[in-house]
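Top line first, the protein sequences correspond to chains S, Z, L, B, D, X, R and G. Using our numbering, you'd call the opening residue of the first sequence number 1 and step up by one each time. Using our numbering, you'd call the opening residue of the second sequence number 1 and step up by one each time. Using our numbering, you'd call the opening residue of the third sequence number 1 and step up by one each time. Using our numbering, you'd call the opening residue of the fourth sequence number 1 and step up by one each time. Using our numbering, you'd call the opening residue of the fifth sequence number 1 and step up by one each time. Using our numbering, you'd call the opening residue of the sixth sequence number 1 and step up by one each time. Using our numbering, you'd call the opening residue of the seventh sequence number 1 and step up by one each time. Using our numbering, you'd call the opening residue of the eighth sequence number 1 and step up by one each time.
Warning: the hint list may mix true and false statements.
Derived Cβ-Cβ restraints for the label pairs, each shown as a range [what the hints assert, rightly or not]:
#1 X:60 / Z:103: 56 to 66 Å
#2 G:149 / X:90: 42 to 52 Å
#3 R:150 / B:62: 54 to 64 Å
#4 Z:60 / R:62: 43 to 53 Å
#5 Z:168 / R:62: 52 to 62 Å
#6 S:166 / G:87: 44 to 54 Å
Just so you know, these hints were derived from the structure itself, not from any lab. Everything numeric in this text was worked out from a predicted model, so none of it was measured. The beta carbon of each residue, even a glycine, is placed where N, CA and C say it ideally should be.
Chain residues, written in single-letter form:
Protein chains: 8
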Amino acid sequence: MHPDEVKVLLRGIEAGTTTVDEALRALSALPIEDIDVARLDTHRELRQGMPEAIFAERKTPDQVIQIARVLLAKNAGPVLATRVEPQMAERLKAEFPLARHHEDARLVVFRAEAESRLGRIGVVSAGTSDRYVSEEAAITAEAAGAEVDRINDVGVAGLHRLLAAQDHLHAAEVLIVVAGMEGALASLVGGITASPVVAVPTSVGYGASFEGLAALLAMLNSCAAGVAVMNIDNGFGAAMFALRMLRTMHR
Amino acid sequence: MHPDEVKVLLRGIEAGTTTVDEALRALSALPIEDIDVARLDTHRELRQGMPEAIFAERKTPDQVIQIARVLLAKNAGPVLATRVEPQMAERLKAEFPLARHHEDARLVVFRAEAESRLGRIGVVSAGTSDRYVSEEAAITAEAAGAEVDRINDVGVAGLHRLLAAQDHLHAAEVLIVVAGMEGALASLVGGITASPVVAVPTSVGYGASFEGLAALLAMLNSCAAGVAVMNIDNGFGAAMFALRMLRTMHR
Amino acid sequence: MHPDEVKVLLRGIEAGTTTVDEALRALSALPIEDIDVARLDTHRELRQGMPEAIFAERKTPDQVIQIARVLLAKNAGPVLATRVEPQMAERLKAEFPLARHHEDARLVVFRAEAESRLGRIGVVSAGTSDRYVSEEAAITAEAAGAEVDRINDVGVAGLHRLLAAQDHLHAAEVLIVVAGMEGALASLVGGITASPVVAVPTSVGYGASFEGLAALLAMLNSCAAGVAVMNIDNGFGAAMFALRMLRTMHR
Amino acid sequence: MHPDEVKVLLRGIEAGTTTVDEALRALSALPIEDIDVARLDTHRELRQGMPEAIFAERKTPDQVIQIARVLLAKNAGPVLATRVEPQMAERLKAEFPLARHHEDARLVVFRAEAESRLGRIGVVSAGTSDRYVSEEAAITAEAAGAEVDRINDVGVAGLHRLLAAQDHLHAAEVLIVVAGMEGALASLVGGITASPVVAVPTSVGYGASFEGLAALLAMLNSCAAGVAVMNIDNGFGAAMFALRMLRTMHR
Amino acid sequence: MHPDEVKVLLRGIEAGTTTVDEALRALSALPIEDIDVARLDTHRELRQGMPEAIFAERKTPDQVIQIARVLLAKNAGPVLATRVEPQMAERLKAEFPLARHHEDARLVVFRAEAESRLGRIGVVSAGTSDRYVSEEAAITAEAAGAEVDRINDVGVAGLHRLLAAQDHLHAAEVLIVVAGMEGALASLVGGITASPVVAVPTSVGYGASFEGLAALLAMLNSCAAGVAVMNIDNGFGAAMFALRMLRTMHR
Amino acid sequence: MHPDEVKVLLRGIEAGTTTVDEALRALSALPIEDIDVARLDTHRELRQGMPEAIFAERKTPDQVIQIARVLLAKNAGPVLATRVEPQMAERLKAEFPLARHHEDARLVVFRAEAESRLGRIGVVSAGTSDRYVSEEAAITAEAAGAEVDRINDVGVAGLHRLLAAQDHLHAAEVLIVVAGMEGALASLVGGITASPVVAVPTSVGYGASFEGLAALLAMLNSCAAGVAVMNIDNGFGAAMFALRMLRTMHR
Amino acid sequence: MHPDEVKVLLRGIEAGTTTVDEALRALSALPIEDIDVARLDTHRELRQGMPEAIFAERKTPDQVIQIARVLLAKNAGPVLATRVEPQMAERLKAEFPLARHHEDARLVVFRAEAESRLGRIGVVSAGTSDRYVSEEAAITAEAAGAEVDRINDVGVAGLHRLLAAQDHLHAAEVLIVVAGMEGALASLVGGITASPVVAVPTSVGYGASFEGLAALLAMLNSCAAGVAVMNIDNGFGAAMFALRMLRTMHR
Amino acid sequence: MHPDEVKVLLRGIEAGTTTVDEALRALSALPIEDIDVARLDTHRELRQGMPEAIFAERKTPDQVIQIARVLLAKNAGPVLATRVEPQMAERLKAEFPLARHHEDARLVVFRAEAESRLGRIGVVSAGTSDRYVSEEAAITAEAAGAEVDRINDVGVAGLHRLLAAQDHLHAAEVLIVVAGMEGALASLVGGITASPVVAVPTSVGYGASFEGLAALLAMLNSCAAGVAVMNIDNGFGAAMFALRMLRTMHR
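In isolation and in its complexed conformation, chain S is listed as follows (with noise of 0.2 Å):
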């Protein structure tokens, strides 16, 4: 609750306006909705402005299906669930007829933004395998009102396809760099641009890439100062920290 509100409440009370109970009970009336499978933070859009989302994994559809109908009520922005294996989509689908399921990036989006507004996100990936991340990333940023221009296949082993692409790196004000194996792309990327680097390690790879380790470690190890580091295969995780930025950018 906002100081100023505060304020007004006091001064309510003061002059009479207002009684004691009524003050209290603005004072600790939070925005939670308490539903039965979730204590749902209904603010949290008004507050971040951003999209709100449903971790599917180890949810019931029945759970997922409850969360999206409150969020979907509650607020206006977009509405989205990540990690949604292919049956529970089936279910969210037949129950919200709008939704739209994107299987690579294992994302249901509930509702979307409209129009692109917020600016534009470059999202490089280095190869075909690792677009279950870079799509994840790419479409809940496009879902929270995001341009996004997506730079794939361009790993390290064939350099003059990154450095083709340089214009597209140019162009955006954040980029997201998704790639799994060593990583390397992430140190590329941040060596040939100025603009502010999010590395997502993705869990592809052999033996020793032990489920992405390798590739976080690398992308925490860049000798490109100014590269920061997201969880393995958190494709979403970058969008939203992108989106923090973007609306940092233009507020």
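Could you slot chains Z, L, B, D, X, R and G onto chain S? The hints should help.
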């Protein structure tokens, strides 16, 4: 080399004002300064507009001195050295009387921006023991011309300290959150604010912090969507990332 | 065997009312029930006053059934099985019509205490996805006769949800805090309350949670002094620890 | 701030005895002491009734001295510093003549409770080499007013030593078990007693103890249900947890 | 080839009874059977006097069948296959009607010693869930002609079960101790007995057992001097080690 | 683009036979084929003279088919796909009737070199269970025109098998050594021969092999100086490395 | 206490020659010597027939001296201290003029067996750098009365050195194999001999040996069935294990 | 011993020119020099044609001196010591006036090849801080008679530095790439060139490089097919591998 410069060069040949040899030389003239101890990338400032930094660990004082000399001569911007041990700092201050040593932050700043004109970074730290990292971030950012708001000692064990500092959190364009032990502060700040949050784990902690691994993993797994993470104790990198953001915002 | 019992036995020999052979037999009569599939410690309830639990993983349904039968026959207290897969639960319910299966918690309760008379445990969970662990804790505690107050979905991304539940936190004699991802909730609860906090990391999370390792390390490094930690996903163990505390408090 | 205090404040405005400005100031007056080197949480004692502790690692003697002064002035309860190296201890004793240095435990106690009135903690250690941790626990607990029963050198290689100490184990309201190497002592004590067992792994051991990791994992996996675990070498934290229990029992 | 055999060969040349070519052929005749799917070491039995074992994992049933045929034909001793999945066991039993499948132990014994004449091995297990490993050890040892005393379910949570089995422990010439979770049983047995103790960690346990790593590290760090350790779940290897001891004792 | 080609281009402008626009187009024409599913590096064969390989894991059959088509059309050399699951292999064979599926090696070879003219690679494996990796190496090398000598099943448990194969070891220009478990074979081969040894750890082994980590670390620490190591199970990479060597030797 | 002793005691009561109080005292008289610095298990020698060892790490010289005095007084067998730093060794030699310091092995032997009468242990080491561990094993074994055959510097890089020592390997009743780096020597010795092999990894090696982890994992995964493993650098433990074997063999 | 030599020996017996005893002596005369401190493999040079190296870590100066003496006397080729600390280097230079100490590389070269006649190795390093490893590789290679082209400071943060050095990369027969932090340079060089690339991770980096683990994993996962990897900081091993290649090429 920018395509337009190439075009000008080629038109010179066409016009007969440039010889093929001159053009070849120009095409191969790369912005590298090759001194005995290093091969310096003297155009990095132009390309990325950020301070030139010398990673002093495992270098001799003589190597750092030679590199600093070239960087100071070839650019006009800020120049600093990171991970400087006290003994080396003595040598550097003797050689560069204008250099300033920040002992806690293990930094030597050879030249800083005169004015703050880049925007405001909030540097948040969990405890007094984390300041060697938060100061590395703060001083690097200030040297590059950013305004820094230090919000120290707001670790989660005494939550009201953080809540009392909310105005400071909301006023920053980007937040750097520095914490050791369980690193929970990054999630808290991420949940309260809408700004981008760059988390820096520190190696402060008892046994099973494993030199910062606990905080690193915690920050990578933050449930507050949109928190990006730097390497352990890498305050310098966090500042560089924030500077990339501010420069992009203000370009 | 209690020293006083030994004294009685020896006095019996001295008095001639007990033969040496009888005494030897008594001294070696250990509270062990040796059935084909297991060597059961039938005095554990007397010794520790807690529910007898069968760890069902890697056991066959037949083994669990035989063990459950002996435990139900030899004691009067609560008996339950943990880590029960749905298929095994079917077999157990067919065999023990009074048994109750809690699918989310992977528990089968063969016999529970009729009344709650042990004191109050607060079971706090960070998100809906963590409930398979928090319910394991809550149902185990209830089966043993504790009163359980469930405080669900109060993860740190929406801090006001936790602040709104403070009365519940203060009312409990011991708090079990269940969280995956970065596990920060344990530190928050530890900072707000004065009660003992038992933290349980869950294996919920993206890649670098490494199946709960991130939350485990975070909780072990909690900056809120006085937080103790259980194994990953070990809701049962947390309940058992809390029950030891309540029994000691109320003895 | 307690809801009842808020009510009183609001009624004061309603009655005209409190001005809006006074109320606003009261509402925002947070228990924080902001000195140069730290932002101190001076109400923690009231909130949690436990000793104020300064984690001395990575702090300068001056920082510790300043913080200790404020804590001694603002509260009446026990104050101590943990992880104090001998050199710093000399400085602290010079500054605070009443302070007591426990070298083995790396503790400096600035002020302790005069009486033991909180109940009895059993502090069990496996070997002489583990005493630097068990003493950290014991002295912290004593400083806070608990009675401590030390049960030293009862490691599992000579089992009869532990069996001979059973009466001591049963007499304690809570047991702190300190062990390095394979950490088996925690399971043994957990199996013998009905009291809550807080296990503290130490970093004592040969190569593959990996600085206490072996004992930590062993304790987390204890087959004696109801053993909770602290960070490696964290005797202080174990005492704090036990104190939370005793205070809850005796409130 | 034994030096004496070489001497005989050379003397044969000297005497003219052996040609150089015959000698060369003899010198190079190595005990290798090269079949399509494997290069078999058919003298291993002579050299080491132990059962020939086929590690079935990642082999096809056909490969196992071909190898088993050669081993049965070339030696007279015991032959068995380890890590046999049920489906492969069906194929093997169809092909070798005399083979015996031990499902729990994942073993198929093609041929066993008829008599027990090697000495006595005690196989101790902590819980019913560990039997898939303890039985692998026990059956391998029996197939090679050792007498096995099974001491099951004597985990440390109910210490009196182990104490009651002390006579069995003392009677064995070598003890194999199988335990998961915290693996403390190995230290206990090592402390009670004077016999050599071979510890086998199992992958039984909750999350932070990390598939047996916790028990492995605990056993390597046993404070009972003189406990040696096998790989996780390697009951077969423990039996082979014990057999080496018994053969050496009885040679 | 080779410097000489640039020179020709510039001289053409000087001579008036090339326009500036034609030259700019030529300079920017990069050897990239951008199809929907991938951005292909079609000059890699020219640049490196090695087979084009498609990493099939996490790709759909359609993606692999489209990429294979372009690679077959744009080059004349060998083309293959690695990590092909049986189901995908069916699809590929249906689409490319000339393709050959090597099930054990998880390879599909779309086009191979007709002749062996590159030199001889020795592919050494420790056991039958390691062949899925050694065959990946051998078939890749053969597809590229190398002669392969397979030396299978010479693991260190039966040392004479390796000693009997010494002539084969000495005859190869480069040796690929494939072993799981403790990976000792690489050190043995390195000690016996003077040729370069490329070691490939496999994920074959019991628990504490940790999916090949044990063999990987062992090979990296080989006391036979001059053993280089590939990723776990990466037979393909080992072949590619050996091919680089043979091409360099024979250029 | 042996059951027969209990019987005698009870018959004494029955016969009136022993009072109940005397019997109770006898039953509770445990072989523990409680001195200020430790609780000593003075019957361990009787129980296990092995040298009493003091682990000197993290103990003060005074603590070691007091413990050594009691052990020398209460038993007649060998007494030694392990992990003794040079400075402490000076103190111990000053106090115990008959003590012998073995600097390489970090051992101080206070009292050794006069004769070798236990059998023969072969102690095999891979390189000169591993001798600090192999000597710890050899000297411990000799102090306890075993005959030791040292077979040094037979690492696998020069295989003929090991083959030349085969007679020594076959002559030992038990083999202790000490190796760092990749630890392959244990597998080699295990493959050549039929005796039990106790492998000790050392912390000798380059970076990715991770202080002995590489050799430890390699030895645990030995393909030579029947190799058991000790903790990293634990030569003492290997000797103790071998002594258990020899005593069992010769009892 | 070569089969042809055996044949000659046997024919000598047949012909009566060699006695059986002479032949036996010859057959058992192994190329081992057994001095007090080591068992030297004096035929390694003949067998492998590479420099003899003494791993100085954990050896005393006396041990290194004795070993160096034998190696210099028994062979004519290069002899060097690795991992030599400054103090030991002083001792060695005093003893061997012709020895040369390379402090950065921690090498002492006792005797080097007079001429470069083996071919050309490119030694590429990412930064000045990595030179302690790249110089170890370069000087070892030069001592053995290879020509070395040093390509320093071409890390990926300033990509044009590497591109400007392409001619050097193409001219080498084998490339050793030395890099710390994220180790991306190996992938870049592998993508640009067709030569074999031997990657050496260094322990240079911030916290989560974990002493070189990050670079090691990155290099093992290189997406540029055909990059082989050495142990962390093992410049010596990389040179030995390259020398094996050059000798094979030029034999």
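Structure-based check of all given hints:
Judged by the Cβ atoms, the range 56 to 66 Å given for residue 60 of chain X and residue 103 of chain Z holds: they are separated by roughly 57 Å. Take residue 149 of chain G and residue 90 of chain X: their Cβ atoms lie about 50 Å apart, and the range 42 to 52 Å holds. For the pair residue 150 of chain R and residue 62 of chain B, the beta carbons lie near 56 Å from each other, so the given range of 54 to 64 Å is met. Checking the proposed 43 to 53 Å range against residue 60 of chain Z and residue 62 of chain R shows it holds: the Cβ atoms sit about 44 Å from each other.
The supplied range of 52 to 62 Å is met by residue 168 of chain Z and residue 62 of chain R, whose beta-carbon atoms lie about 54 Å from each other. Judged by the Cβ atoms, the range 44 to 54 Å given for residue 166 of chain S and residue 87 of chain G holds: they are separated by roughly 52 Å.
Violated hints are absent here; each numbered hint is respected by the structure.
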